[in-house]
Structures are given as C-alpha cells and as structure tokens.
Amino acid sequence: MRNITYRDAVREALIEALERDPRVFLMGEDVGRYGGAYACSKGLLEKFGEERIRDTPLSESGFVGAGIGAALGGMRPIVEIMTINFSLLALDQIVNNAATLRHMSGGQLSVPIVIRMATGAGRQLAAQHSHSFECWYAHVPGLRVVAPATVADARGMLATALREPDPVIIFEHATLYNDEGQVAAEGALAVDLDKAATRRSGRDATVVTYGGSLKKALAAAETLAAEGISCEVIDLRILRPLDDAAVMASVRRTHRAVIVDEGWRSGSLAAEISARIMEQAFYDLDAPVARVCSAEVPIPYPRHLEIAATPQPETIVAAVKGVLRR
Amino acid sequence: MIEFRMPSLGADMDAGTLVEWMKKPGDPVQRGDIIAVVETQKGAIEIEVFDDGVLAETLAKPGEKVPVGHIMATIRGKDERPGEVSIEPKAFAKSAEAAPAATMPKQTIPLSTAEISAVRAAITPAARRRAAELGIDPATIMPGKDGIIGLDQVDATKRAAPARAPAGISFDEMRKAIAAAMAKSHREIPHYYVSSTIDVSPLIAWLEVENARRPVTARLLYAVPLIRALALALAKTPELNGHYVDGCFLPAQNVNMGIAIAMRGGGLIAPAIGGVEALNLDLLMDKLRDLVGRVRGGRLRSSELSEGTITFSNLGEETADEVFPLIYPPQVAIIGCGKISERPWVTDGKVVVRRTMTISVAGDHRVSDGRRAAQFLSRFEQLLRRPEML
Numbered sequence: 001m002r003n004i005t006y007r008d009a010v011r012e013a014l015i016e017a018l019e020r021d022p023r024v025f026l027m028g029e030d031v032g033r034y035g036g037a038y039a040c041s042k043g044l045l046e047k048f049g050e051e052r053i054r055d056t057p058l059s060e061s062g063f064v065g066a067g068i069g070a071a072l073g074g075m076r077p078i079v080e081i082m083t084i085n086f087s088l089l090a091l092d093q094i095v096n097n098a099a100t101l102r103h104m105s106g107g108q109l110s111v112p113i114v115i116r117m118a119t120g121a122g123r124q125l126a127a128q129h130s131h132s133f134e135c136w137y138a139h140v141p142g143l144r145v146v147a148p149a150t151v152a153d154a155r156g157m158l159a160t161a162l163r164e165p166d167p168v169i170i171f172e173h174a175t176l177y178n179d180e181g182q183v184a185a186e187g188a189l190a191v192d193l194d195k196a197a198t199r200r201s202g203r204d205a206t207v208v209t210y211g212g213s214l215k216k217a218l219a220a221a222e223t224l225a226a227e228g229i230s231c232e233v234i235d236l237r238i239l240r241p242l243d244d245a246a247v248m249a250s251v252r253r254t255h256r257a258v259i260v261d262e263g264w265r266s267g268s269l270a271a272e273i274s275a276r277i278m279e280q281a282f283y284d285l286d287a288p289v290a291r292v293c294s295a296e297v298p299i300p301y302p303r304h305l306e307i308a309a310t311p312q313p314e315t316i317v318a319a320v321k322g323v324l325r326r
Numbered sequence: 327m328i329e330f331r332m333p334s335l336g337a338d339m340d341a342g343t344l345v346e347w348m349k350k351p352g353d354p355v356q357r358g359d360i361i362a363v364v365e366t367q368k369g370a371i372e373i374e375v376f377d378d379g380v381l382a383e384t385l386a387k388p389g390e391k392v393p394v395g396h397i398m399a400t401i402r403g404k405d406e407r408p409g410e411v412s413i414e415p416k417a418f419a420k421s422a423e424a425a426p427a428a429t430m431p432k433q434t435i436p437l438s439t440a441e442i443s444a445v446r447a448a449i450t451p452a453a454r455r456r457a458a459e460l461g462i463d464p465a466t467i468m469p470g471k472d473g474i475i476g477l478d479q480v481d482a483t484k485r486a487a488p489a490r491a492p493a494g495i496s497f498d499e500m501r502k503a504i505a506a507a508m509a510k511s512h513r514e515i516p517h518y519y520v521s522s523t524i525d526v527s528p529l530i531a532w533l534e535v536e537n538a539r540r541p542v543t544a545r546l547l548y549a550v551p552l553i554r555a556l557a558l559a560l561a562k563t564p565e566l567n568g569h570y571v572d573g574c575f576l577p578a579q580n581v582n583m584g585i586a587i588a589m590r591g592g593g594l595i596a597p598a599i600g601g602v603e604a605l606n607l608d609l610l611m612d613k614l615r616d617l618v619g620r621v622r623g624g625r626l627r628s629s630e631l632s633e634g635t636i637t638f639s640n641l642g643e644e645t646a647d648e649v650f651p652l653i654y655p656p657q658v659a660i661i662g663c664g665k666i667s668e669r670p671w672v673t674d675g676k677v678v679v680r681r682t683m684t685i686s687v688a689g690d691h692r693v694s695d696g697r698r699a700a701q702f703l704s705r706f707e708q709l710l711r712r713p714e715m716l
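Going down the list, the protein sequences come from chains F and G.
Residues in the first sequence are numbered from 1 upward in steps of one, following our numbering.
Residues in the second sequence are numbered from 327 upward in steps of one, following our numbering.
For the record, the hints were derived by calculation from the structure and aren't laboratory data.
Hints may be right or wrong, so weigh each one.
The list that follows gives simulated cross-link-like pairs (lysine-lysine, DSS-like), each with its CA atoms no further than 27 Å apart [what the hints assert, rightly or not]: (1) G:387 with G:484; (2) F:321 with G:387; (3) G:613 with G:471; (4) F:321 with G:471; (5) G:387 with G:349; (6) G:676 with G:613.
Not everything, but these chain F residues come out facing chain G in the computed CB check (under 8 Å) [unchecked claim]: (7) 86; (8) 165; (9) 204; (10) 255; (11) 283; (12) 284; (13) 285; (14) 325.
For the chain G half of the interface with chain F, some residues (derived, Cβ under 7 Å), not all of them [claimed, not checked]: (15) 448; (16) 450; (17) 455; (18) 458; (19) 472.
Keep in mind that this is a model prediction, so the values were computed, not measured.
Backbone N, C-alpha and C define an ideal beta-carbon position, used for all residues, glycine too.
Hey, can you work out the whole structure from these sequences and the hints?
As structure tokens, then:
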C-alpha cells in the first residue's frame with residue numbers, strides 16, 4: 001500500500017488509461033497547458049501531446065457533443081467539465097444524446113464516453129461553482145453515475161468506467177483533491193461499479209452518504225462512538241444504479257437511517273433513497289428516515305454561511321441522535 | 327485453585343439452573359464481577375465472583391441444574407500458574423427438567439385491524455413487528471419520553487414481563503419457595519413481636535418541603551428516610567442485625583437491608599441494599615430505584631439475595647394498618663411497616679390529628695428479646711422526629 005492524494009489518484013488513473021489504450025484521449029477547458037482546474041492533468045500535455053490532451057474552448061455543449069461523436073466513432077474520450085454548474089450547458093448533449101442513443105438506435109450505437117466533473121461546496125467558490133446536481137444525472141436512464149469518495153475509488157473507478165459501453169459520469173468532490181489515502185501498490189486497482197461500500201460497521205443507526213459527505217459522516221460516527229452510539233456508514237459510490245440491497249441490509253439491522261446528501265432536500269438523491277427505504281424496509285424502521293441536506297439556498301460565498309448551508313458532522317450527529325430519540 | 331460453587335441465594339434454594347456464563351476460561355475475574363446468570367425460583371440471578379484471578383475452567387454447562395454447593399468452575403488465583411492443580415470434573419446430575427436453551431419460542435400474533443386502530447399511541451413499524459413476534463400487546467407497552475413506542479420500549483416491556491424467563495419464573499414455583507422458607511422460619515425460629523405506633527407528621531411535612539424543592543427525578547419516597555433511620559437505629563441494637571447459623575449468632579458488620587418488593591404478576595422478593603448505614607438519602611433513593619427496576623426486569627445479583635442481614639417489609643401506603651412478618655432465615659429480625667394514616671393523637675393533653683404509622687419488629691428469641699426490639703423502635707422514633715438530620 002502507498003499513500004497518495006486524491007488528485008494524484010485521478011492523475012495516475014488518467015495516465016494509466018492513456019497508456020493502456022490509444023483510443024483514450026482527454027479533453028476539456030484548461031486540461032492541457034494549465035494542467036486542469038484542479039491540477040489533475042498537470043504534465044500530461046508534455047507526456048502525451050496535443051492529439052490526446054486537448055484544450056477546448058469555453059463551450060461545454062460543443063466539446064461534450066464532440067466527445068459523444070468521438071465515442072460513437074470508436075474512440076474512448078474522457079471529457080472533463082470544470083464544475084458541475086457548467087455541465088448544465090452540456091445537459092442537452094448528455095441527456096438527449098449520450099444517454100438515449102443506445103435505446104433509440106435499437107442497440108446499434110453505443111456511447112462509451114466518460115465525463116468527469118468537480119462538484120460540491122466547501123472551497124468558497126460561491127454559488128455558480130459549488131452546487132451538487134448529481135441527482136439530476138442520477139435521474140436519467142442510460143447513464144451510469146459514480147462518485148468516488150475515497151482515494152482508492154478515485155484511483156480505480158476511471159479504469160472501470162472506461163470499460164463500460166455506455167456513458168459514465170464521474171463526480172469528484174472539490175474538497176477531496178488534497179486528501180490523502182491508501183491505494184494498492186500495483187495492479188488490482190480497478191474497483192467495481194455496482195456495489196456500495198460499508199466504510200464503518202455499526203449497530204444503532206445507518207448513515208447513508210456519498211462523495212464529499214463521506215468524511216463528514218465518518219467524523220460524526222467517531223463522535224457518536226465516544227457517546228456509545230454505533231453508526232454504520234454506507235458510501236453509495238454508485239448513484240445510478242443505486243445499490244438498494246446494501247442500504248436495506250444495513251437498515252434492517254440497525255432499524256434507523258440518516259441520509260447525508262449535499263444536494264438540496266427537495267427532489268434530492270436523499271429523497272429517492274428515503275423513499276426506497278420506505279418501500280423496501282418500512283417494517284424494519286424504528287424511526288422516520290432522517291435527511292441531512294443542504295439548505296435550500298444558492299450556496300453562499302462567506303465561509304460561515306457556506307458551512308451553515310451544507311451538511312456538517314455536528315448536524316449529522318444531531319440527526320442520528322434524533323432517529324435514536326435521544 | 328479456587329473452587330467456584332453454586333451459591334445459596336436463600337434458605338429456600340437447593341439448586342439453580344445455569345443460564346449462561348458471562349466469562350469464558352482465560353478471562354480475568356475480579357471480586358464483584360458477574361460471572362454467570364443462574365435461573366432460580368426467584369428468576370434469573372446474576373452471580374458474582376468473590377475472588378480475584380483468572381477463570382480456569384467452567385464445569386457446568388448452560389442448561390444444567392447445579393445443586394447448591396457444587397463446583398461450577400475453577401478460578402486460578404493471581405499467583406497460581408496454569409495446570410498446577412486439577413480438579414476432577416464432576417458430572418452434574420442432569421435433571422430431567424433441565425432448562426431448554428435460553429430462547430423463547432417465537433410466537434407470531436397477527437394484529438387485527440381492530441387492534442391496530444385501538445392502539446393509536448405512535449408505535450414505530452419495527453417496534454410493532456417485534457411486539458407481534460414476542461406476543462406483546464402494544465397497548466401494554468409504555469411509550470418513551472417522546473410518547474412514541476420504539477424498539478427500546480418493546481424490549482423493556484419484554485424484560486419486565488413476568489412470564490419472560492426461559493426456565494419460567496413460575497409464580498407457583500416462587501410461592502413454593504416462599505412457603506418453604508416461611509415454614510422453616512415458623513418451625514425453627516422462636517418469634518417474638520413488638521410494635522409501636524409513631525407520629526410521622528414531622529417526617530411527612532419535611533418530606534413534602536424537601537420534595538417540592540427537588541426536581542421530579544430526584545424526589546424521595548418516604549421509605550427512604552425510614553430505611554435510613556432503621557439503619558441508624560440498628561447500629562445501637564446489633565442483636566437484630568445478622569445471621570443465626572448452626573446454633574450461633576453472627577452479628578453483621580454492615581446493615582444490608584433486604585427490601586421486600588412485590589413482583590409484577592405476584593410473588594415477592596427481598597433483595598438487599600448493602601451497607602445502608604453508610605448511604606445518604608440520595609444514594610439510598612438511587613439504590614432503591616435501581617433495585618426495584620431490576621426486580622421488575624428480573625436482573626438481580628447473587629449478593630443481593632444472599633447477603634441480607636435484616637429485612638424491611640413495607641406494605642405500602644394504601645393497605646393494612648399493621649403487619650407481623652416472619653423472619654427470613656438465617657436472618658434474626660424483620661421489620662414490618664403499615665400504612666400511614668391520619669388518626670386522633672393525644673399530645674400535651676390535647677387531641678389533635680396526626681399522621682401515624684405502626685411499625686413492628688419480629689425478632690428471634692434465640693438472639694434477642696422484645697425489650698431490645700422496643701429500645702430499637704424507640705430509637706427509630708426519635709430519629710424520625712428530626713428527619714432533617716437523617
């Protein structure tokens with residue numbers, strides 16, 4: 001095992017993908033000369049050249065559409081969108097083309113594109129760079145949506161995503177890039193794209209989360225453990241299709257669920273998971289499912305307001321105590 | 327090697343059924359640790375260990391009925407090495423009525439719609455399901471602080487349910503046990519009785535003021551100052567506090583006051599609060615609350631049943647005027663307390679209305695006589711005149 005940052009994990013995964021398959025290329029705003037908005041592709045232009053590391057104009061619809069065309073043409077494009085807010089400009093391409101073409105062509109066409117983007121709040125980048133629209137993408141059939149929350153997942157998920165014959169969207173939370181974590185030394189780096197992961201075992205309550213909220217949920221679990229409350233923390237990892245079985249198995253054991261989701265509560269992934277728990281594990285619940293989501297405001301710029309608007313370990317602790325009725 | 331034997335948890339006990347070991351061989355044990363749970367006629371009792379060391383070998387198996395005094399396990403003392411002494415493992419006569427494994431047959435009682443609509447106290451789905459599995463009527467479950475019945479409340483009800491125990495804490499059996507102990511008492515102990523009706527108005531008045539200034543959770547029952555006063559009075563009458571064993575009185579160093587507590591569904595048990603003389607009113611209230619809770623929950627410890635030195639039987643506020651109880655052998659005295667009621671009372675030549683209580687002592691004539699018991703009661707009465715000093 002070795003210790004690397006989340007940023008290095010993404011970078012290594014990109015290099016490995018580019019070296020392994022000549023059909024793979026990376027494109028997006030500032031990925032080349034600037035090295036990527038979060039420095040994940042620093043040095044790749046020198047290493048692989050302009051053919052494979054392509055800077056694009058500020059035109060998300062244009063370059064995502066080009067990526068879809070390249071995928072249809074037999075390439076394996078990795079398209080980077082600077083932040084999830086900007087991806088809305090490419091929503092038409094992603095939802096109306098990438099996600100639908102297999103279905104509309106009766107299975108004759110596939111779109112093996114991987115779209116990476118940074119998401120989430122926590123870096124004081126204000127509303128237009130800080131939102132969490134993952135659930136909008138998780139809503140769409142035809143897409144696979146993943147959110148690596150750990151360094152190992154950041155290192156492993158890209159390779160698995162490139163093997164998919166259909167579009168995969170990878171959400172990298174912007175607060176994770178500097179975090180360090182363990183990855184395997186060599187080989188066996190790829191991770192599966194079907195199963196949620198239990199990041200901490202517990203018996204009193206299940207905390208379901210993903211992406212940037214995982215570390216907050218784990219911190220909350222640690223605080224609660226000191227008070228004798230044992231939390232199971234489930235990292236969804238895959239936002240579409242959801243691994244219901246993992247969530248239900250845990251809730252059936254703990255009888256209590258708290259969902260932590262940086263998205264807004266209304267129509268959120270948390271809402272979807274809550275509804276599924278209600279459908280599948282209602283009789284096992286000892287408390288209504290609780291949700292810790294972002295305040296329904298555009299994410300504020302000031303530090304204290306940004307903290308107040310988004311899930312924090314303290315709010316998760318309070319929600320867990322709530323479902324335990326303590 | 328220390329031999330750990332089935333303790334006698336009362337004059338009426340001849341055997342107990344091991345429910346489970348709470349420690350396994352190799353575990354360190356300290357005096358006071360709970361080592362096993364044993365099912366007796368009084369329910370499941372947590373058995374404590376009296377030595378420090380390491381649990382070497384468990385000889386009794388869960389489900390086995392072990393006679394009092396038989397070796398259940400061996401404990402290696404702190405300075406002993408493994409394998410120094412070996413004890414022949416003895417087979418225990420397996421009783422035909424050996425207890426089944428400690429599980430309760432699952433019984434699913436489907437809830438009818440009528441029942442569901444009748445139970446509108448909020449109950450969580452998981453709690454409703456568990457209650458149905460356990461055969462507990464949700465209407466009998468006390469909701470939690472927030473008015474909701476959750477799993478915790480179902481489990482608490484299950485623990486408190488009288489017919490809960492695997493080997494069956496049967497009230498017929500308990501009645502037999504009480505009968506055996508009391509027959510022995512009546513047959514062997516030459517009882518004498520003295521009683522005294524005392525004015526408890528100062529106590530009640532003081533208690534009302536005291537409780538008014540306390541938060542609800544810290545309020546005192548009137549039994550608490552009574553127990554405290556009894557313990558202080560006993561210090562001057564040691565002949566009432568101890569055991570009579572093999573023709574000989576063994577006075578006790580501490581007052582371990584057995585408190586007769588009625589169990590849900592019938593039956594009576596008198597576990598002891600140890601060292602009452604050293605406890606202030608708050609500590610005593612905590613101990614009493616804990617003890618009553620565990621009696622209802624069927625989780626008493628062996629020392630509480632075997633180490634009582636005197637028993638206090640308080641019939642409660644709304645029952646009889648007076649009680650003449652039988653001594654619980656091998657103790658040598660028991661104190662009975664009737665209800666508190668308003669009576670005409672003569673003081674300073676005038677008839678006034680006072681709150682009074684009749685307290686009686688049954689003593690063992692082999693150890694003491696009525697005169698000593700009367701002195702004890704007189705001392706008790708003096709103490710109650712100044713409740714603020716207790």
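How the hints compare with the structure:
Using a Cα cut-off of 27 Å, the hinted pair residue 387 of chain G and residue 484 of chain G holds, with the two alpha carbons roughly 25 Å apart. A hinted pair counts as satisfied when its Cα atoms are at most 27 Å apart, and residue 321 of chain F with residue 387 of chain G does not qualify at roughly 40 Å. The hinted pair formed by residue 613 of chain G and residue 471 of chain G meets the criterion: a straight-line CA distance of about 22 Å does not exceed 27 Å. The hinted pair formed by residue 321 of chain F and residue 471 of chain G meets the criterion: a straight-line CA distance of about 14 Å does not exceed 27 Å.
Taken as a hint, the residue 387 of chain G and residue 349 of chain G pair is honoured in the structure, with Cα atoms around 13 Å apart against an allowance of 27 Å. Straight-line distance between C-alpha atoms of residue 676 of chain G and residue 613 of chain G comes to about 41 Å, which puts the hinted pair past the 27 Å bound. For residue 86 of chain F, the interface hint is violated, since its Cβ never comes within 8 Å of a Cβ in chain G; the closest pair sits about 44 Å apart. Using the Cβ-Cβ criterion of 8 Å, the hint placing residue 165 of chain F at the interface with chain G is not satisfied: the shortest such distance is roughly 41 Å.
For residue 204 of chain F, the shortest C-beta to C-beta distance to chain G is roughly 11 Å, which exceeds 8 Å, and the interface hint is violated. Given hint, residue 255 of chain F at the interface with chain G, holds; its Cβ is 5 Å from that chain's nearest Cβ, closer than 8 Å. Because the closest C-beta pair between residue 283 of chain F and chain G is about 5 Å apart, less than 8 Å, the hint holds. The closest approach between the C-beta of residue 284 of chain F and any C-beta of chain G is roughly 5 Å, which is under the 8 Å cut-off, so the hint is satisfied.
With a least beta-carbon distance of about 5 Å to chain G, the hint placing residue 285 of chain F at the interface is held under the 8 Å criterion. Annotation: residue 325 of chain F was flagged as interfacial toward chain G, and the flag holds, the nearest CB pair being 6 Å apart, inside 8 Å. The beta carbon of residue 448 of chain G comes no nearer than 10 Å to any beta carbon in chain F, farther than 7 Å, and the hint placing it at the interface is violated. This hint holds: residue 450 of chain G has a C-beta 5 Å from the nearest C-beta of chain F, less than the 7 Å allowed.
Of the supplied interface hints, the one on residue 455 of chain G holds, with its beta-carbon coming within about 5 Å of a beta-carbon of chain F, less than 7 Å. Hint status for residue 458 of chain G: violated, given a least beta-carbon distance of 10 Å to chain F, over 7 Å. With its C-beta approaching chain F no nearer than about 6 Å, residue 472 of chain G sits inside the 7 Å limit, and its interface hint holds.
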